[in-house]
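With chain G held as given, fit chain Y onto it using these hints.
Listed here are the chains, written in short residue letters.
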Amino acid sequence: MDRGTGARRPAVSEARIRDLTELDIDGITRIDERITGKYRPQVWEQRVVYYIRRDPDAPKVAERDGKVVGFVLGEVRGGEFGLDEPTGWLEFFGVDPSARGSGVGRRLTEALLAHFRSRGAKITRTMVAERDREIDAFLRAMGFTPAPLTALERAL
Amino acid sequence: MSETRAELPKTYHDAVVHWQTHEFPDYPMLARVWDRFFPRDGPFCLCAKVADGVSDLIEVGDLVGRPRATTPAELDPKAAHILLGQIRAQASTEFGSIQQHTGTLHRASDPQDQAWVLRVMAEELRHGYQMIHLLTSVDWSPVTDQKPADMVEEILSMTTGSHVLAAFNLEFDSFTDNVVFAAFIDRVGKYQLTMQKVSTYRPYATSMPPMLKEEAFHLAAGVVPLRRWAEAAARGDALVTMDALQKACAKWFGRALEMFGDDRPDANGGADSVRLGLKDMTNRQAQDAYVAEVTQMLDDLNERYVRAKRPDLSRDDAAALHERLKRDRGAADGIAYDDLLRLPDRRFFRRRGDGAFEMWGFDGERFDDVERCIAHVASRLPEAYRASVDVRHWAETLRRVRAKELSLKDAIKSQPRLARVGGPCPCSRSVRWVVDEAGAPGA
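Residue numbers (the numbering used here), protein chains in the order written: chain G, 1 to 156; chain Y, 1 to 443.
Accuracy of the hints is not assured; some may be wrong.
With a straight-line Cα cutoff of 20 Å, these simulated EDC-like cross-link-like pairs (lysine to aspartate or glutamate) come out [what the hints assert, rightly or not]:
#1 G:K122 / G:D132
#2 Y:K190 / G:D55
#3 G:K38 / Y:E231
#4 Y:K409 / Y:D299
#5 G:K38 / Y:D316
#6 Y:K78 / Y:D280
#7 G:K67 / Y:D317
#8 Y:K197 / Y:E323
#9 G:K122 / G:D65
#10 Y:K409 / Y:D266
#11 G:K38 / G:D132
#12 G:K67 / Y:D262
#13 Y:K190 / G:D57
#14 Y:K197 / G:D57
#15 Y:K197 / Y:D52
#16 Y:K190 / G:D19
Because the hints were derived from the structure by calculation, they are not lab data.
Small disclaimer: the values here were computed from a predicted structure and weren't measured.
One chain only, chain G, in its complex shape (with noise of 0.2 Å):
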């Protein structure tokens, strides 16, 4: 999951939330290119892609003065790691650092979350690195608790 959250500092001005398209690509590089500080444009055209032909309902873009200032990009799917369920999965989502604190991150989350219950699902999951605290803290916030679930790896 990308970082940038958007929680603690008051509203500034109310960013409107709508589905994402196409042309949001930009948008979505710069917020990355805020936090990550790396330009990359080709993740995000073949990702952006990704999403919009498969539900091009569900992303969302948070929109401010004309200009991209947030985004989360999931979906609905079943059948991964044995969870038959529909879940909804929310996978990527960013705040530009100049929204941060407006609740621009919990409009967007919220409004995925209204879009994956309307698809059927009755549970979101998502994974959070341990290194991103800020992260792990707006999930929970935003209600997410600790899933039945464990995260394995292995190097190659």
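Showing chain Y alone in chain G's frame:
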């Protein structure tokens, strides 16, 4: 929003499949490349999709709040006629775009780009199928004397040169057109479908959401390759140039604007459709929003170009350079304003609506001399297209209008005669696309 799927009666389903075998022979290739380029996606379905959960009440116009019509007979007669025209035109665009894409699909230099366009074509086939479902699943006799089989026959008989809208009567010159078409023309399609989502005719309104979901990918199939080409051009790739992309944009932009209908600022085109609850924006309102969107698209492409051309600059410095180039229209830091993509004036190279057969230049400059205007316009178009019957027809028509040998009204009606014309199924034993189950011509 969930959806219900439906198949056409066998006669019509078979007609569409038969059309596909002739006009879209690459269709079977999609199944072969699906898992490679669209892993996890459900298989493609040639079927009609109807959105569930659409409101039963009219959303715009004079009858807002009343129940939506479920049959053509329940519609205001004028609304029913306009609606039938909308469905026929929509069907024409769907089948027409496949015929255009087919000619240059195999010239794609990137397998992913080709697979994306192939999927776009298949989904356009589904959209055409959807329109035929609308024409054949209810009784249109209160609106037209034409029988459903004849309406379908007419649609399937159209080819590049005989479609309803000019944008679908242009041949593609190269794979650049496949991509630029998706970015510019499919975007108009998105606007039409979005506006028609409010249609007072419920079966039409419920057809729009599934089509719009697919259309979102079509736009990406245009924009993302363009983004990569802009970067390749910046890196000096000899096979991709900004000039080639710019000329392709100039070829399609005017045709895209004309798809909105009469867009003259004082004509209030489309107002009747809004009043009758068939769409929620006038032609000019929708076109204004479209122009803003394609302006942003070109801005994004230019920013990508600048970043690739000057990778040494920070994001903010590159953005500042881009803004400076746009403002000063000069050259700076090794990049010229003319290297960047930009939209022509709305009245440039128009056949209908605002600026039709007037002498406007690319940047909105006015010409007094018809030959100078033609030379200017031609210099802005792709070389292969310049030599086409389409451009020649535009130039000859402009000359006749300026010489007062032809009225503007007649000029607008005039269409270039392409070598290929519409016709029945080319199979030797068939006379029609729509054939009844016993093999006799459809009733």
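*asked:* Going through the numbered hints above, which ones does this structure break? Give me the numbers in ascending order.
replied: 1, 4, 8, 9 and 12
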